[in-house]
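Please build the complex by placing chain B on the supplied structure of chain A, with the hints as guidance.
Taken in order, these protein sequences are the chains called A and B. Per the numbering used here, the first sequence runs over residues 51 to 155. Per the numbering used here, the second sequence runs over residues 5 to 700.
Some hints here could point you the wrong way.
Said to hold, decoys possible - Covered stretches of chain B (chain A as the covering partner; in silico rule of three or more C-beta atoms under 8 Å from a C-beta of chain A):
1) 209-223
2) 228-235
What the hints assert, rightly or not - DSBU-like mimics (lysine-lysine), calculated; alpha carbons at most 30 Å apart, straight line:
3) A:K59 to B:K236
4) B:K245 to A:K59
5) A:K59 to B:K212
Simulated from the structure, these hints should not be mistaken for laboratory data. For each residue, glycine too, the CB sits at the ideal point set by N, CA and C.
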Amino acid sequence: MHAARLHWKRGRQEEGPGVHRTLEWIGRNDAGEAIARVVRILGPIWSGWRTYRAVALDDEAKVIELRPSRPEGADWLACVGGQVVGRAPVPLQAVRAAEAALGGD
Amino acid sequence: MPGTPLEKIRNIGITAHIDAGKTTTTERILYYTGMSHRIGEVHDGNTTTDYMEQERERGITITSAAVTCEWHDHRINIIDTPGHIDFNIEVNRSLRVLDGAVFIIEGVAGVQPQSETNWRLADRYNVPRVIFINKLDRTGADFFRAHATLKEKLDIVALPLQLPIGIEDKFVGVVDLVEMKAIVWEGGELGAKYHDEPIPADLADRAKEYRQLLLDTALSVDDAAMEEYFDKGDVEVATLKRCIKAGTISGAFRPVLCGTAFKNKGVQPLLEAVIDYLPSPVDVPGIAIAAEEGEDEHVEHVERRRIKADPSAPFAGLAFKIINDKYGTLTFVRIYAGTLKSGDMVMNTTKGHRERIGRMFQMHADKRAEIKEVYAGDIAAFVGLKDTTTGDTLASQQDQVVLERMAFPVPVIDISVEPRTKEAVEKMSLALQKLAAEDPSLRLRTDPETSQTILSGMGELHLEIIIDRLRREYGVEANIGAPQVAYRETITRPHTETYTHKKQTGGSGQYAEVKIIFEPLGRNEGVVFDNKVVGGSVPREYIPAVEKGIAQQAETGVLAGFPTVDFKYSLIDGKYHDVDSSSLAFEIAAKSCFRDGMKKAAPIILEPVMDVEITTPSDHVGDVVGDLNRRRGMIQNQESSGSTVIVRAHVPLKEMFGYISDLRSMTKGRASFTMQFHHYDPVPRNIADEIMAKSA
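Here chain A stands alone, though its shape is the one from the complex:
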């Protein structure tokens, strides 16, 4: 079965001194409705001399744990209709996970 091809646009951005990055990509269907999101888990976080990664422990990322090592495949969450349908280290893979979840229904 083919994955649905959504129209992806930038969502929330993070702006700060020396920082400009997209925190969210929003996937819209042909009717322009936002039906999927790909969300960046914030991190790394600097604390003194050490870098920590924020890792979501639940599907809605309500509980976050700081880990010193890079968590495998947990930097981006693919969400469809408020549910997390996949995790990926990079946004394009999360986009594919979201499209696959839609197309696979």
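Quick look at chain B alone, frame taken from chain A:
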């Protein structure tokens, strides 16, 4: 103004584990870029960058050599560095001044210990890098296994930009995943001829899979590129290259290329990658100025001022290497900002004095071309600097910045050296001072008891080369003592000691009393002083004398006379006399307090423990491991790779002297090993007794 625009300059280093092919790759680069008309070979002893006699005889790189070449309108300044851990200082100082690096990984063994050490060094200096998996023509070579070791051992996102076509003796070229084409070498003309062709059918699926991985990873650093991909389903080659460059510079991922330099395949695309993905001097944030006095330079979040590459800004440069040859002292300087002409005056801001710039040269290994001006982004050698040493900053008088300092490794081996004739005493002393000025990992001191000159270095090979240079370059024949381990002493429990120094010898006497708490610290935390005196029981002017006394006495520990490290001492109280107290009296009191106090603080002796990696045929593994156990080694792991086994262990340095001959005899010469310093550990009681008995 500079001849080559800044954005077309690349200052890069080539670094790797010993024997992974750094010098061989550099030779091909020089040949393909037209800088040399023949390819030198390490085993023939005729390479450009290994120009020292010892390098050519031994087939190893000892000193880093700078060469310059041009490729597609770009100037590439290359520093070829040594692989052997004993000469790690060369890698350290090169990485410090480079904008990018090529890490060569062996296609059979993958990431090896020295690659790891160098990788961590490059991390420290935030050096962007590309990885070249070399020797894919060798039996047992496996691109994918070598690639997997990058993740396992370095914990990085290693992103292949190429895949090999064929392997071992069937290796013919690479699939270029950026342009989705095959590049095949034609065999003749030493690899100078190659052509593009379609990707072979049997590799099409794999190429598609890895191209997707490349797009997924590379585009994630650039939102505009992501949008281009969402719109078109793919991106332009220029967009992809821009993303790869951005990710390489930020360290989000590390591009991986492959080939076999010795068989002349894969080097030209590597040069393209250097130009496309490694930064020019203007692509990097610039060098940070040093931390202020008292500021912790390891605190990461403090944003220090950075010196950006700009030829019209005030001059700033860093002296990173000194060599002495028959023409005098050459000081290698990386120019970060400004322009400098022969005859100009600059400040050595590290030492606080002025220096006049004499002649300046662009170096090509041991050959030099005189230049009249140098600009931001250049690496040049200066002649005639009077008192500038490795790590010093040279800056214009208008903006006297001090650039971030360099970190130097701690020597682990000592040898005593004395000239064979009395006439050579002064000659040897001068020669050793010059050699120590060239090499910050070499330390020189005189044993206060025996009056012998003690050389401390990074390993047996390091000191062997120094002694050889002493003989060849300075004509000094010397007697050498057996190598000694550079032990340290420390304490294991806190103790408070009070010492009163009182002396009446007629006239004014000497009086000082100090009360000091000695406490143990963790490994590598050094010596920390805390002045907790309140109410002026020790007047402020005598505090430096207490510090000086402890620092001097700590050089000679209480157990066996080795330097005492990793402890804190807090001066909490004391007494003084208006007439009889002096700095000298407090210095003597502090020394005696140290001697008495340390003995009661459970002192121990520490020894250097080495990270040893042995590559042995599998039928000798039992002998090798058994022998390591006899040497007090702790086996860390054992990995098989075909018929070869790699054993990794932590072994005290004391047990490793002369190991190479024992290893050769137990494996019929088929095994090899490398080692590097790992940490200091307490020595077992029986060995501590032996050491103390020897020093008594």
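Do the hints match the structure? See the list:
1. 209-223: holds (count 4)
2. 228-235: holds (count 4)
3. A:K59 to B:K236: holds (14 Å)
4. B:K245 to A:K59: OK: K245 (chain B) and K59 (chain A) at ~22 Å, within 30 Å.
5. A:K59 to B:K212: Cα-Cα ~25 Å, so holds.
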